[in-house]
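Colleague: Listed below, chain by chain, are the residues.
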Amino acid sequence: MTEAAAPIADEKEEFDDFFVRMLPRTIRVARRLTGNPWTAEDVAVEALARAHVRWARVQPLPWRDAWVLKVASREALRHVPRQPPAPAPAHERDDGDDVVLRIALAAALVRLPRRQRETIVLRYLCDLPEAEVAVALGVSAGTVKTHIHRALAALRANIGTDFEEGYVHELPA
Amino acid sequence: MSSLPEPTAPRYSPTNPEELLARAKRRSAAIRRHRLVGAGGSLAVAVAVALGGIVLTGRAAKPGQIVVSDRIGAAYEVTAEQAPPAAPAAPVVKGVESSEVAFSLELLSRLAGSGDSNNQLVSPSSLATALAMLELGAAGSTEQGIAATLRSEGLSASQQAAGWHSLATLVAAGTSPVGTNAARRPELDVANAVWIQQGLAVRSAFVRALSSEFGTGVWRVDFENDLAGALSAINQWTSENTKGLIKELFSPGALDGQTRLVLADAVFFHADWAYQFATAVRPEPFHLGSGGTEAVPFMSSTPDSSGNPLTVPLSITHRYTAVELPYVGHQLSALVVMPTRSSLSSFVASLTPASLNRLLGGLSSRPIGLTMPTFTLRSDNHLNPTLSSMGMSAAFGPGADFSGIAASPPLSVQTVEQRAYLQVTPKGTTAAAATGVGVSTSAVEVLQRVVIDHPFLFLVRDNATGAILFESMIENPAS
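Sequence lines, in order, name chains L and W. Residues in the first sequence are numbered consecutively from 1, following my numbering. Residues in the second sequence are numbered consecutively from 1, following my numbering.
The following block holds chain L by itself, in its conformation from the complex (with noise of 0.2 Å):
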């Protein structure tokens, strides 16, 4: 399930190019938070109409790429109801629980404390290493790792595990 590596910024990126290449990405990762097509393309605009209007201190960033990222999943998580549906007992799974597990996980990510929520979706989300999480978020990678680690337990006692097995990839056991 892991992506190819994105493509590596260039550091004279000008916005232009910066926003084609972010442009699938924002709002794969929007979409995957909102599920709505439209409202996930309104959000990858509002993050890169954000950069945009501080193109001359993002664009030197390492990071730019997560910083945008981090801004999409915060603002997708503005359209996604605090109160979670009910999950269906296992037994009595279907296809439509795969859109109410997102809407509980994406319900549980609001409840998140912040630093844990950025690490959650910048990490399995949206697919950055660990070492980029960390650096996105100015914190060590070990700190990266143990926001993971409370996080999954907070999402675990919240949602069960059905998360785990079809929505979030790479899990650490």
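If you're looking for bench data, these hints aren't it; they were derived computationally from the structure. All C-beta atoms, glycine included, are put in the ideal place defined by N, C-alpha and C. Do not rely on the hints blindly, as some may be mistaken.
[As the list claims (entries may be wrong)] Residues from chain W that keep clear of chain L, each with C-beta distances beyond 12 Å, as calculated:
1) GLY113
2) LEU255
3) PRO326
4) LEU360
5) SER389
6) GLN418
[To be verified] Okay, the calculated beta carbon distance ranges per label pair:
7) L:LYS145 with W:SER13: 37 to 43 Å
8) L:PRO129 with W:SER13: 30 to 36 Å
9) W:GLN423 with L:HIS79: 28 to 34 Å
10) W:PRO17 with L:HIS79: 19 to 25 Å
11) L:ARG111 with W:ASN357: 39 to 45 Å
12) L:VAL110 with W:SER364: 46 to 52 Å
13) L:ALA131 with W:GLY244: 39 to 45 Å
14) W:SER290 with L:GLU13: 55 to 61 Å
15) W:THR425 with L:ASP17: 35 to 41 Å
16) W:GLU224 with L:GLU13: 31 to 37 Å
17) L:ARG111 with W:THR279: 49 to 55 Å
18) L:GLU13 with W:SER13: 26 to 32 Å
Based on these hints, arrange chain W on the given structure of chain L.
Modeller: For chain W alone, coordinates are given in the frame of chain L:
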């Protein structure tokens, strides 16, 4: 007449990345303006200074530090952190609101009187904003002339600026953020910019006032040595802020190497009707003011899903038929006025803020069957003569006093131009038809037939403030 198709569930197809890029840039401009005109906190406000001290790196700016925030070709925009302006007193805002209406009606009357029976289209709010920005740098009789033109003699330039800021905020309050798919509210995007010759020592108070009151972006260009580059940047900015509907702000030759400063205002507006219309299958005759008829496409109101007819404010007198058509959200509306006895130009000439208020006061909701033309207009107004005749001739002459812009050299207005675009179509979404206007309808009332098939006036207004965003005289919808 054909009816609109039944609504169907929308199917997602990815938006073109180029359209999304353009949308992101418009949204970026809107965010910057919101930071400029929004209330509270430390705001990024553009100030014009000498090039020294501008931060070209990507580091975060400290308060008061100047940074380059955007580039178009050789032009670049500079911004700095500055405290927001104080909110103006309520009477000042009211004063600007009434000035805007008086200016709008006078302007249209002058334009109507300046030519023959042609269509007219102008955005008075855009023009007034540009002139109010100019007035901030004027002094003496030049400043008085601009104030007289704007019908705002009782207000100082700074009071006006604060009032315009507040009015723009009020009008924008019910509109959607630019750059969203949620087009269920009118979209109104206003942008201001000042383009300054490199090396011109502009008074910082002038640019600071432009920035804080009008959210004006400050751009440095080189008219003297790179006129084409400066025009290209201005045109690109214009196109970006009008969604490509207006690609050139100035006619060829309007600016030259002597140009030292350009003030620009751009407005983009889009709204769906609150109620749906259907298009006529065949063109119908429209009676021209000059005699004869012209076959033009018409749209007509259709009942909502419950079968209730269009119910909107209407007034029919011995002088005119007037109907107010709300846009979704009901904050903005189009006022359509068709004189029934006099010509359109003489009717417009007789309009005053008081008579317009009486007209608006005479409107009352009724179920109607409305038929009116669809049309698309473009205008290219060179406004020097009109504005001179309205009182600001001093601004165009060699004795003009714009010492508030720069101590030297002496400056005067070179040209004032406006290009505008207006398209009226039957577009009214199914969701708009579900707003429930039919609930107030009395089924026993007889439908009043209203057919706008003679020359008419078309105003896009903000209902709360009365601000007129666009005004148009339609003599011939086909031309």
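Colleague: All hints are to be evaluated individually against the structure, with a verdict given for each.
Modeller: Here is how each hint holds up against the structure:
The Cβ of GLY113 of chain W lies farther than 12 Å from every Cβ of chain L, with a closest approach of about 44 Å, so its non-interface assignment holds. Non-interface status of LEU255 of chain W relative to chain L is upheld: no Cβ of that chain comes within 12 Å, the nearest being about 27 Å off. Look at PRO326 of chain W: its CB is around 25 Å from the nearest CB on chain L, clear of 12 Å, so calling it non-interface holds up. Residue-level check passed: LEU360 of chain W sits 36 Å from the nearest beta carbon of chain L, beyond 12 Å.
Every CB of chain L lies more than 12 Å from the CB of SER389 of chain W, the least distance being 42 Å, so the non-interface label holds. With a least beta-carbon separation of about 28 Å from chain L, GLN418 of chain W lies farther than 12 Å from that chain, consistent with its non-interface assignment. In this structure the hint that LYS145 of chain L and SER13 of chain W lie 37 to 43 Å apart at CB holds, the actual value being about 41 Å. Evaluation of the 30 to 36 Å hint for PRO129 of chain L and SER13 of chain W yields a pass: the beta carbon distance comes to about 33 Å.
Remark: the range hint 28 to 34 Å for GLN423 of chain W to HIS79 of chain L is upheld by a beta-carbon distance near 32 Å. Judged by the Cβ atoms, the range 19 to 25 Å given for PRO17 of chain W and HIS79 of chain L holds: they are separated by roughly 22 Å. A hinted range of 39 to 45 Å for the beta carbons of ARG111 of chain L and ASN357 of chain W is inconsistent with their spacing of about 53 Å. Distance hint for VAL110 of chain L and SER364 of chain W: a CB-CB separation of about 48 Å, consistent with the stated range 46 to 52 Å.
The supplied range of 39 to 45 Å is met by ALA131 of chain L and GLY244 of chain W, whose beta-carbon atoms lie about 42 Å from each other. For SER290 of chain W and GLU13 of chain L, the Cβ-Cβ distance of about 59 Å falls inside the hinted range of 55 to 61 Å, so the restraint holds. Here the CB-CB span from THR425 of chain W to ASP17 of chain L is close to 36 Å, well matched to the stated 35 to 41 Å. At about 33 Å, the beta-carbon gap between GLU224 of chain W and GLU13 of chain L stays in the expected band of 31 to 37 Å.
Checking the proposed 49 to 55 Å range against ARG111 of chain L and THR279 of chain W shows it holds: the Cβ atoms sit about 50 Å from each other. Between GLU13 of chain L and SER13 of chain W, the C-beta spacing of about 28 Å keeps the proposed range 26 to 32 Å intact.
Violated hint: 11 only; the structure is consistent with all others.
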